[in-house]
Structures are given as C-alpha cells and as structure tokens.
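Just so we're aligned, residue 1 is where the sequence shown starts under this note's numbering, counting upward by one.
No lab work stands behind these hints, which were simulated from the structure alone. Just to be clear, a hint being listed does not mean it is correct.
[As the list claims (entries may be wrong)] If you anchor each label on the Cβ, the simulated ranges turn out as follows:
{"no.": "1", "residue 1": "N190", "residue 2": "A83", "range": "35 to 41 angstroms"}
{"no.": "2", "residue 1": "L153", "residue 2": "A83", "range": "22 to 28 angstroms"}
{"no.": "3", "residue 1": "N130", "residue 2": "S163", "range": "16 to 22 angstroms"}
{"no.": "4", "residue 1": "P87", "residue 2": "S65", "range": "22 to 28 angstroms"}
{"no.": "5", "residue 1": "A179", "residue 2": "R58", "range": "31 to 37 angstroms"}
{"no.": "6", "residue 1": "A186", "residue 2": "A134", "range": "21 to 27 angstroms"}
{"no.": "7", "residue 1": "D138", "residue 2": "A179", "range": "17 to 23 angstroms"}
{"no.": "8", "residue 1": "V115", "residue 2": "Q167", "range": "20 to 26 angstroms"}
{"no.": "9", "residue 1": "D112", "residue 2": "L153", "range": "26 to 32 angstroms"}
We treat Cβ as the ideally placed atom computed from N, Cα and C, and that holds for glycine.
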Amino acid sequence: MEWTAHPGHGPGSEILGPGNSGRRVVELGCGPGHNIAHLAAHQRVHATGVDLVGLQVRRARSHYSHIGSLTFAAGHALHYLQAAERPFDVIYSIFGAVGIVPPRLLLPAITDHLVPGGLLAFAVPHPRRNGRRAVTHDGPSRDSVLLPNQTRLSIARWEFDASRWAQHLRHAGLTMTGALDLSHPAQDGNPTTLLITARRL
Numbered sequence: 001m002e003w004t005a006h007p008g009h010g011p012g013s014e015i016l017g018p019g020n021s022g023r024r025v026v027e028l029g030c031g032p033g034h035n036i037a038h039l040a041a042h043q044r045v046h047a048t049g050v051d052l053v054g055l056q057v058r059r060a061r062s063h064y065s066h067i068g069s070l071t072f073a074a075g076h077a078l079h080y081l082q083a084a085e086r087p088f089d090v091i092y093s094i095f096g097a098v099g100i101v102p103p104r105l106l107l108p109a110i111t112d113h114l115v116p117g118g119l120l121a122f123a124v125p126h127p128r129r130n131g132r133r134a135v136t137h138d139g140p141s142r143d144s145v146l147l148p149n150q151t152r153l154s155i156a157r158w159e160f161d162a163s164r165w166a167q168h169l170r171h172a173g174l175t176m177t178g179a180l181d182l183s184h185p186a187q188d189g190n191p192t193t194l195l196i197t198a199r200r201l
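Model the full assembly from the supplied sequences, consistent with the hints where possible.
Dropping the structure here:
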C-alpha cells in the first residue's frame, strides 16, 4: 500500500490499524484500485473504492473483480457518503477526495459516516513541496491532476499545513492523531506528502 507518489517509500497499511477481519473500509478517490484491492486481499475487510472518473472505476473492476469482499462505485465522494446506509470503520484518501472536495462539506460527511472511534487517514500533496509556502487562508489554491488519458485537468485544492488541518478536523468532530511529513530520500529532502490520521470523537 502506497501513501506517496514514490513507490516503496513511506509507511504502508499499518497506518490504518490492525487488519481486523470484517471491518468496513472505503477509499475516496481510489483511481485504478490498487490500494483498496491490497487491503481487501490481505486484511479480509469489506472494502469499497469510490472514484469520480468512470474510466478509473472500469479499470479497477477489470483488474480486481475476482476479490469477493471488494466493490467499486463511480460517483462523487460526498454523494457516496451521503447515500451510505451504514457507517464505516475506516475512511481514507490518497491524493483523492480529501483536499479536493471543500473540507467544510466533506469532513462533516466523513464524521457522520464513521463509527465512534473510527479512523480517517489521508495523504495530500505537501503544502511546502517544491519550495512552496503553506497557505494562510481557508480558500483553495489552483492545481492540476493528470487524467488516465494523459491530459491535465485544472482543479481547486485545499493545501493546509497540519495545524490548519487539525482546526478543520476538530470543527467537523474529528481529533487529529498524527501528521507525517514524507519525502523521497534520494531527492532534496523537501517534504512531498502530508499524511494525516484522525479519529471520530
């Protein structure tokens, strides 16, 4: 399981806690499904990958439909959560919905759909990557994402530092339990990924 854009560097699935069989886990922004498939295959959780891009969901299904405890859904992360009938034990996002969907909307929806004590984990581009400065406001910055057809889509991205994420999490009823600055050891040492964990109060 990869939390950064540098395969083999950084933590793995231990971030999500012990692999208790039967946990309900959802990834918001699963892309081609590699990470959620790893969890479903190795931890025997009831896993769902959600992605806004239908092509990504079709790719994920074509690769991982043989894993019986794994399902994929195409749609907006916020709408998926709002329609969910049962809460989740773990919700996570790796360069996915968290940071792209407005936090004032997504974080409360995550809280509402976590069991008491449930875990949220998310990796976002580090606000100080490539020498940038962390924003000092609550609005989004402009960024782009690479689509499966190799074109770039301009997006709004919320690029908070850990302390500002902690404020937004607390406002949504979540307590931040950890924040890791992750970098590639062979590069200049500047952090590239911010990995945050939080729990529902």
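Verification of the supplied hints:
Take N190 and A83: their Cβ atoms lie about 40 angstroms apart, and the range 35 to 41 angstroms holds. Checked against the hint of 22 to 28 angstroms, the C-beta distance between L153 and A83 comes to roughly 25 angstroms, which is consistent with it. At roughly 21 angstroms, the beta-carbon separation of N130 and S163 lies within the given 16 to 22 angstroms, and the hint holds. Distance hint check: the CB atoms of P87 and S65 are about 26 angstroms apart, consistent with the given range 22 to 28 angstroms.
About 35 angstroms separates the C-beta atoms of A179 and R58, a value consistent with the hinted range of 31 to 37 angstroms. Between A186 and A134 the Cβ separation comes to about 24 angstroms, which falls inside the hinted range of 21 to 27 angstroms. For the pair D138 and A179, the beta carbons lie near 18 angstroms from each other, so the given range of 17 to 23 angstroms is met. A C-beta distance of roughly 24 angstroms is found between V115 and Q167, which places it inside the suggested range of 20 to 26 angstroms.
As the Cβ distance of D112 to L153 is approximately 29 angstroms, the hint placing it in 26 to 32 angstroms holds.
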